[in-house]
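2 protein chains.
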Amino acid sequence: MPDIIEPRVLKGFRDYLPEAEIERQALIDKLERVFRSFGFVPIDTPVLEYAEILLGKGGGETDKQVYRFKDQGERDVAMRFDLTVPFARFMAEHVDELYLPFRRYHMAKVWRGENTQRGRYREFMQCDFDIVGTDSAEADADIVLVMLNAIAALGIGPFTLRMNHRGLFNRFLATLGASEKTPAILRAVDKLDKIGKEEVGKLIEAEIGSDAALKVLDYIVAGKDFPSTLARLESLAGGPGTDSSRLREIHEAATESKAIGEGKPGKLVLDPSITRGLDYYTGVVFELYLDDLPEVGAVSGGGRYDELASLYTKRKLPGVGAAIGLDRLLAAAETLGKTEGRASYTDVIVLSVEEGWGPRYQGIAAALRGSGLSAEVFPEKKKMAQQFAYAEKKKIPFAVILGGDESARGVVTLRELSARENRDFGSIEEAAAFIRDRTGR
Amino acid sequence: MPDIIEPRVLKGFRDYLPEAEIERQALIDKLERVFRSFGFVPIDTPVLEYAEILLGKGGGETDKQVYRFKDQGERDVAMRFDLTVPFARFMAEHVDELYLPFRRYHMAKVWRGENTQRGRYREFMQCDFDIVGTDSAEADADIVLVMLNAIAALGIGPFTLRMNHRGLFNRFLATLGASEKTPAILRAVDKLDKIGKEEVGKLIEAEIGSDAALKVLDYIVAGKDFPSTLARLESLAGGPGTDSSRLREIHEAATESKAIGEGKPGKLVLDPSITRGLDYYTGVVFELYLDDLPEVGAVSGGGRYDELASLYTKRKLPGVGAAIGLDRLLAAAETLGKTEGRASYTDVIVLSVEEGWGPRYQGIAAALRGSGLSAEVFPEKKKMAQQFAYAEKKKIPFAVILGGDESARGVVTLRELSARENRDFGSIEEAAAFIRDRTGR
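Chains as they are written, first to last, in my numbering: chain A, 1 to 441; chain B, 1 to 441.
Just chain A, same shape as in the assembly (with noise of 0.2 Å):
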């Protein structure tokens, strides 16, 4: 047995150092507060379930990703792979305890033994938000409204929320006569971005004939003015319907609200070729995507479902809502350098100057976060360059020196780190309003 144990995470996991967790601690706070302010509120999940409840009849491609085990109770468990078959598995459950519609937010660590060459954790964090029990168009218009006010409230820059109605599309394949080939059209309008326009047209073609491929590719075209485009759509597809008002009443709420529109980093587009894949969404479908970096895929999305649960319960939940990728708003954010970039909390460390002033300097501590500062005392009698290196490490803004110089002279001393310029106060409280006045806090 070797002396020591080598320290190490298991591959496709990480640790978060204090600076990355600062970001998405700061990200989470930032989604949080605006999930608050529409009325959704939180709820957990524990983490280990009944494998049978997590993986249903199963059998898919996620199943053989599933840390799935033996408990010491020989229970067959699995860790959760996603928060939307725990709260389908949730709201069966407590549906007679809450009320309906219900609207909740969940962000919370997932697990999936993925290839990690791809790139992809094993471990990461997801962000859900739905509003279950109501199948209204007020809903629909809540959670675009949530979308675009959350990625809104992260500054970092413009985005295009691209929107669609599954049954729209549906009406116009209709017209074509084209209702039974519907699947295979949406896998190949799926591919749009991948593959391109040609070669959709290919696919499309081999299923429903040259003439009606040309008009669905003419269709699935997104138009810059969502009026207009609707207008144009709603015709193809053989004039209005609830569909139809339903994508209008939620562009009018975007609107109404300033959620889009001057000075607003977002916008709202009705995209045709929206379709989100095939099973689960049944009514409006959305992607959100970053201007500056389409390249990394949607940062959110999600639709209308027609049921959340009904794998637990005969009841019916339809329902809407929407995930927020955080790993990638995270790593765009960083791209784009929009990151706050704090390495701490700390407003202002009270250095160590003369030996056995501890609770003096502790003294001081307090009366600066008294005043609405972070306040931190450095812990041991150390030069003076060691301890602004920690500062530096922290990018703490100011340190307050107090030694039996300054004391003599009935001050205290602020250094501002970055500018290495220091300061003398007749009292702490003066100088913890010009570290506010400076930082702004």
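Simulated from the structure, these hints should not be mistaken for lab results.
One should not assume that every hint holds.
As the list claims (entries may be wrong) - Calculated cross-link-like contacts (lysine-lysine; reagent style DSSO-like; alpha-carbon spacing at most 27 Å): (1) 264/A - 338/A; (2) 381/B - 258/A; (3) 70/B - 64/A; (4) 30/A - 109/B; (5) 383/A - 314/B; (6) 393/B - 316/A; (7) 381/A - 381/B; (8) 395/B - 316/A; (9) 70/B - 382/A; (10) 30/B - 30/A.
Please arrange chain B on chain A, whose structure you already have, making use of the hints.
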């Protein structure tokens, strides 16, 4: 195969419904604010690690409780059962990327397959904070101050932090010529709360005889006044030493920083009977109890240790830290009637009065959010009674009522739901000001 799968969680696991989750997040927020204000930074580590890393040489009682299994790659992995071991591994791995002294907090879930009959949960939150890389008294003081400030911030009544120093007790035992019996005596003293003074006396007597045992029993009595108790223990231990001067300095720091004293809920008591187990701690040790609920046991505890990470590195990493028992504090707040009692964050709900006015209601909700309130739109036109019942379930204090009638009169009606009182306002902004005034937002 049945039609539906019964929705249920594993024994020892639980869902957090909104009220419980809001309570937990409020607790976490309050603690986090204190940690941050003292310069502590957050980190995160993976839930899954190599079993070898988490269990070390292993073989203890803990091992049997650990969720351990083979992953898809046949790696022997385990879910973390505390936050201390991952932190030790983290420091050993990253110390060169970080800085010392390093002060971190970590609040996260851990898993232990405990016997649930004792009311234990198998999934629970832990909250740890430590300062590593220094042996200084100021760091000890910092941990004590954080404990005092953190529990005070929760506003759940008076509490007492009981502190002791291992070295002082060791010196005292040496004066009795009982150094070799230290472990047995500590074990006996540790049982004081459980079996009482008399039984502890018998255990000690069996080790070192009745005269010496009486002296030990005399020694371990806590005095009410910190300085005089310290003076008595110091003298019994053979005079001043680094241990007693350190205890004195911590008490001074708490006094200087006004963490104790006039009007403060926390007291700092020197309690020579506090031992906190045998192996890990080597200096100061502390435990914190709620005065109104001593029976729940320590809600926080910790101490100084010589070596955080000797399993993973030859580098010496002394430190000091403590843990806060979130579940105990949540239960205590509940028992003491000091919970927040919120069911949502919503300040005001915009009711759905007229069909098709959704976008207009969204505009109103957006204006309310713009004035700093949390606002949601009830997403479908249902009977007023149903909408009121929903608001009541979420404990929403205010509702905006705007229908054709109000619109014709050029007003919005604001209903204070608990009082069932309606008031008309000329604008949303005036209504918002009224809500802010009433709710203190």
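Right, here's what the structure says about each hint:
With a C-alpha separation of about 17 Å, the suggested pairing of residue 264/A with residue 338/A holds against the 27 Å cut-off. Among the hinted pairs, residue 381/B with residue 258/A is consistent with the structure: their alpha-carbon atoms are about 23 Å apart, no more than 27 Å. At roughly 14 Å between alpha-carbon atoms, residue 70/B and residue 64/A fall within 27 Å of each other, so this suggested pair holds. Between the alpha carbons of residue 30/A and residue 109/B the distance comes to roughly 22 Å, so the proposed pair stays at or under 27 Å and holds.
At most 27 Å may separate the alpha-carbon atoms for a hinted pair to count; residue 383/A and residue 314/B meet this at roughly 25 Å. Proposed proximity of residue 393/B and residue 316/A is supported: the alpha carbons are some 21 Å apart, at most 27 Å. Restraint check for residue 381/A and residue 381/B: not satisfied, since their Cα atoms lie roughly 68 Å apart, outside the 27 Å limit. Distance hint between residue 395/B and residue 316/A is fulfilled; the C-alpha atoms sit about 26 Å from each other, no more than 27 Å.
For the hint linking residue 70/B to residue 382/A, the alpha-carbon distance of about 48 Å lies beyond 27 Å, and the restraint is violated. With a C-alpha separation of about 17 Å, the suggested pair residue 30/B and residue 30/A falls inside the 27 Å cut-off, and the hint holds.
In the structure shown, a violation is registered for the earlier hints numbered 7, 9, in ascending order.
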